[in-house]
Every structure is written in structure tokens, then in C-alpha cells.
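Colleague: Sequence:
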Amino acid sequence: MQRGNGHQTTSAADRCNAIVYSTRIQPISDGTLSGLKFAIKDNIDVAGVRTTACSRILEGYVPTTDAFVVERLRVSGAEIVGKANNHEFAVGATNTSSIFGPVRNPVDPDRISGGSSGGSVAAVASGIADVGIGTDTGGSIRVPAALCGVTGFKPTTGIIPTDGVIPLSRTMDTVGIAAMDPGIIEKVFTSIIPQQVVHLLNPPKDVRRIGLMLFDDTPVSRGILSTIESLDMGLDLNECEIAGFEKLTGKARRTITSAEGASYHRHWLETKPDLYFADVREVLSAGLQTSTAEYIEAWNIVRKIMKEYERSFAQFDLIMSPVATTVAPTIAEVTGRELSYREILLGRTELFNAVFAPSISLNVCSLDGLPCGLMVSGRRNDDLTVLSFARKLQSQLRNI
Numbered sequence: 001m002q003r004g005n006g007h008q009t010t011s012a013a014d015r016c017n018a019i020v021y022s023t024r025i026q027p028i029s030d031g032t033l034s035g036l037k038f039a040i041k042d043n044i045d046v047a048g049v050r051t052t053a054c055s056r057i058l059e060g061y062v063p064t065t066d067a068f069v070v071e072r073l074r075v076s077g078a079e080i081v082g083k084a085n086n087h088e089f090a091v092g093a094t095n096t097s098s099i100f101g102p103v104r105n106p107v108d109p110d111r112i113s114g115g116s117s118g119g120s121v122a123a124v125a126s127g128i129a130d131v132g133i134g135t136d137t138g139g140s141i142r143v144p145a146a147l148c149g150v151t152g153f154k155p156t157t158g159i160i161p162t163d164g165v166i167p168l169s170r171t172m173d174t175v176g177i178a179a180m181d182p183g184i185i186e187k188v189f190t191s192i193i194p195q196q197v198v199h200l201l202n203p204p205k206d207v208r209r210i211g212l213m214l215f216d217d218t219p220v221s222r223g224i225l226s227t228i229e230s231l232d233m234g235l236d237l238n239e240c241e242i243a244g245f246e247k248l249t250g251k252a253r254r255t256i257t258s259a260e261g262a263s264y265h266r267h268w269l270e271t272k273p274d275l276y277f278a279d280v281r282e283v284l285s286a287g288l289q290t291s292t293a294e295y296i297e298a299w300n301i302v303r304k305i306m307k308e309y310e311r312s313f314a315q316f317d318l319i320m321s322p323v324a325t326t327v328a329p330t331i332a333e334v335t336g337r338e339l340s341y342r343e344i345l346l347g348r349t350e351l352f353n354a355v356f357a358p359s360i361s362l363n364v365c366s367l368d369g370l371p372c373g374l375m376v377s378g379r380r381n382d383d384l385t386v387l388s389f390a391r392k393l394q395s396q397l398r399n400i
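Counting with the UniProt record's numbering, you get residues 1 to 400 for the letters of the sequence shown.
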């Protein structure tokens with residue numbers, strides 16, 4: 001089916017339903033990304049190709065200009081091979097609420113990919129694209145990366161402009177990058193950041209002191225921790241606790257994002273509420289009920305936790321934690337329980353969104369053949385340290 005400059009995919013190669021519109025958009029010029037194929041999340045504008053955010057609300061919208069990130073990719077030599085499936089308006093973590101149907105996990109097609117950037121990640125995991133570009137407002141690139149067994153990076157919030165991205169939260173939306181290799185992610189990241197913000201990034205530093213956070217007694221946590229302890233990297237591992245981090249930050253972040261999302265969606269929520277998937281409508285409608293006082297208080301909580309988080313780096317170089325403490329559930333398990341699984345899957349990742357930190361998910365082990373993801377997070381603007389360490393860590397993991 002012709003869709004602007006793209007065709008709705010029915011390729012047998014895309015058994016995961018990762019790509020919603022296939023394209024062959026060539027680079028503007030040769031560059032550092034020449035030879036790499038990219039899948040772009042369907043809430044990010046590609047000129048001449050429909051942007052639906054996988055919702056009936058935006059059917060028929062065809063942007064005339066590329067999003068900032070897409071233009072930077074094409075200038076750097078990237079080829080765009082498709083628009084990727086996502087959870088409607090990037091609101092959920094399961095990637096089951098989409099007008100194109102659920103994204104299936106390439107490891108086990110009966111299971112979810114995770115989301116909301118599930119299509120971007122599944123395209124990488126299934127070999128359709130070398131790199132997936134998505135967004136990460138609460139874990140949307142790292143969660144599917146962990147569940148599908150690839151690497152997913154959320155940069156420091158604000159480093160990559162979100163012009164041309166359908167917003168969920170104007171203050172916490174972040175462009176995310178997925179690939180099999182953190183070295184490729186580093187190449188993409190350094191190619192697309194604007195020159196005027198390069199000076200904000202701290203130079204990479206040696207890493208020895210690791211803070212361990214948010215581990216519990218689940219099999220996934222135990223497996224990840226066992227893998228970390230087996231590494232021969234000379235790391236000094238110690239528990240890290242930040243008062244109020246888990247309990248307060250997640251709730252405050254959700255208050256902020258739902259309120260900001262509701263502000264963007266207010267007209268449609270009032271005039272076309274039935275066009276939304278039920279779980280997405282519930283999240284956004286709750287944001288309409290958020291008072292100014294509640295919004296301000298949420299930001300007060302986040303700012304306090306930001307300070308505590310920054311202080312922790314007097315003791316640690318980086319922080320490690322599980323991306324999630326469950327492997328990918330089945331689509332059948334999730335159907336009708338999308339909001340419950342949203343809480344489960346974002347329970348650890350969203351904390352690092354709230355403090356604007358760079359954070360990467362790495363596939364470090366498996367449980368019953370299903371991938372488990374380790375999250376490595378740093379101080380704001382320590383993106384290059386996080387990426388450099390991720391490369392070294394993945395090299396070590398290959399030898400285990």
C-alpha cells in the first residue's frame with residue numbers, strides 16, 4: 001500500500017511486525033554513517049512519509065520536513081529503510097497498543113518486544129536495520145533493548161534536539177539509539193549531536209568505582225549480578241542508595257509526563273477520545289486531572305533527587321542496575337494488562353529519565369533463553385564515559 005514516500009510492509013523478513021512503512025530514503029551526503037541502515041520510530045518525522053505515532057488520531061499526516069535527528073543522520077550518510085512500529089504516542093511499555101498490531105520479540109514471537117520503541121529495537125534484533133532510532137521518556141529504548149537482546153542508549157536529556165518528534169513530555173522526551181554494538185551507538189551519537197552542545201559533554205574517564213542499585217532477589221537480578229561479579233575488569237563494586245530515589249522519583253516523573261502529555265493531547269482527548277487505545281487514553285486523561293500545585297510539587301521532588309543523584313558520584317564513577325527484573329512476558333499475558341506491565345517494566349528505567357542521566361542497556365545474560373539487560377548510568381553529560389565503558393564491558397562479556 002502506498003503511504004507517502006513509504007509502503008506498508010508485508011515482508012516475510014519482518015515477522016516481528018517491526019516496520020510499518022518500508023522506505024529507501026538515501027543519504028544527503030556521504031559521512032561517518034555511510035553504509036548503515038536505519039529504522040525510524042513512527043513518532044519521528046521523515047519528510048514525505050506518514051507519521052502516525054501508531055494512532056488513528058494522526059492518520060493522514062505527512063510531514064514535509066525531516067525531524068532534526070533524521071536530517072543529521074542523512075547528512076552523515078545514513079539510509080532510512082523504514083518507519084518503525086511503536087506503542088501509541090509512545091505512552092506504553094509493551095508495544096501492544098498500535099494500529100499496526102503488536103511488535104513481536106525476535107527471540108520468541110509469542111512474547112512482547114517491550115516499548116514504546118519496540119519496532120526500532122526489533123528491526124535491529126531481526127537484522128532489518130543496523131540502527132534503530134526511537135525515543136526514551138521513561139525507558140522506551142532501554143526496555144525493548146533488554147527484552148530483545150540488543151543495546152539501547154538514552155543520552156543526557158536535551159543533548160539531541162527533539163524537533164520533529166511527536167511529544168509526550170516536553171521536558172523529558174529524549175531521542176534514543178539502538179544497535180547490536182555500543183561502538184555503533186557511539187558513532188551515531190557523536191554524528192548527530194549539534195556542534196553547539198559538544199562542549200557540554202564531559203570527556204570520557206576511567207571507570208573503577210561502580211554503585212549497584214535496585215537489585216532484588218528475582219532470578220533476573222541474581223543472574224545479572226552474578227555476571228557482573230564474574231567480570232575481570234578490576235571494578236570496585238559497592239551498593240549505592242539514594243534516599244527517595246525509587247519511591248519518589250518514579251511517581252513524580254509519571255505526574256510530570258502525564259500532565260505534559262495531556263496538555264499536548266487535550267483537544268483530541270475532548271473531541272476524539274474513542275480513537276485512543278484504552279491504556280493510552282487512561283494515562284493521558286489522568287494528566288488532565290493534574291493540578292498546577294501537583295505538577296510543581298512533582299518537579300520539587302525531582303530537583304531534590306537530582307541533587308542526591310549528583311552527590312552519589314563523589315563515591316562512584318557509574319551506576320549499574322537491572323533494566324527490568326522480568327524477562328519478556330507473552331503477548332497473551334500482557335493483553336488487557338498494559339498499564340500493570342507499564343509499571344513493572346518502567347519501574348527502574350524511569351528513575352534515570354527523571355534525573356536527565358545518560359543510561360545504556362546491555363544484554364549481559366539470559367534466563368531460560370530469554371535476554372536480560374544490565375543498565376549502566378552516569379552523571380548528566382557523562383555520555384561519552386557511559387558509551388566508552390559499555391564498549392569495554394561488551395568486549396568482556398564476549399569472553400565469558
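FYI, nobody ran anything at the bench for these hints, they're computed from the structure. Misleading hints may appear alongside valid ones.
[As the list claims (entries may be wrong)] Calculated cross-link-like contacts (lysine-lysine; reagent style PhoX-like; alpha-carbon spacing at most 20 Å):
(1) K187 x K392
(2) K187 x K205
(3) K205 x K251
(4) K37 x K187
[As the list claims (entries may be wrong)] Label pairs and their in silico Cβ distance ranges:
(5) T190 x R170: 37 to 47 Å
(6) T271 x S226: 50 to 60 Å
(7) G234 x G336: 45 to 55 Å
(8) V62 x T227: 21 to 31 Å
(9) R391 x L288: 39 to 49 Å
None of these values were measured; they are calculated from a predicted model. Even glycine gets a Cβ: it sits at the ideal position worked out from N, Cα and C.
Colleague: Hints first: check each against the structure and report whether it holds.
Modeller: Status of each hint after checking the structure:
1. K187 x K392: The given pair, whose Cα atoms are some 15 Å apart, holds under the 20 Å limit.
2. K187 x K205: holds (18 Å)
3. K205 x K251: Answer violated: K205 to K251 is near 33 Å, above 20 Å.
4. K37 x K187: Holds - the C-alpha atoms of K187 and K37 are around 13 Å apart, at most 20 Å.
5. T190 x R170: 37 to 47 Å: violated (25 Å)
6. T271 x S226: 50 to 60 Å: Holds: the Cβ-Cβ distance is about 53 Å, inside 50 to 60 Å.
7. G234 x G336: 45 to 55 Å: holds (48 Å)
8. V62 x T227: 21 to 31 Å: violated (46 Å)
9. R391 x L288: 39 to 49 Å: With a Cβ separation near 44 Å, R391 and L288 satisfy 39 to 49 Å, so the hint holds.
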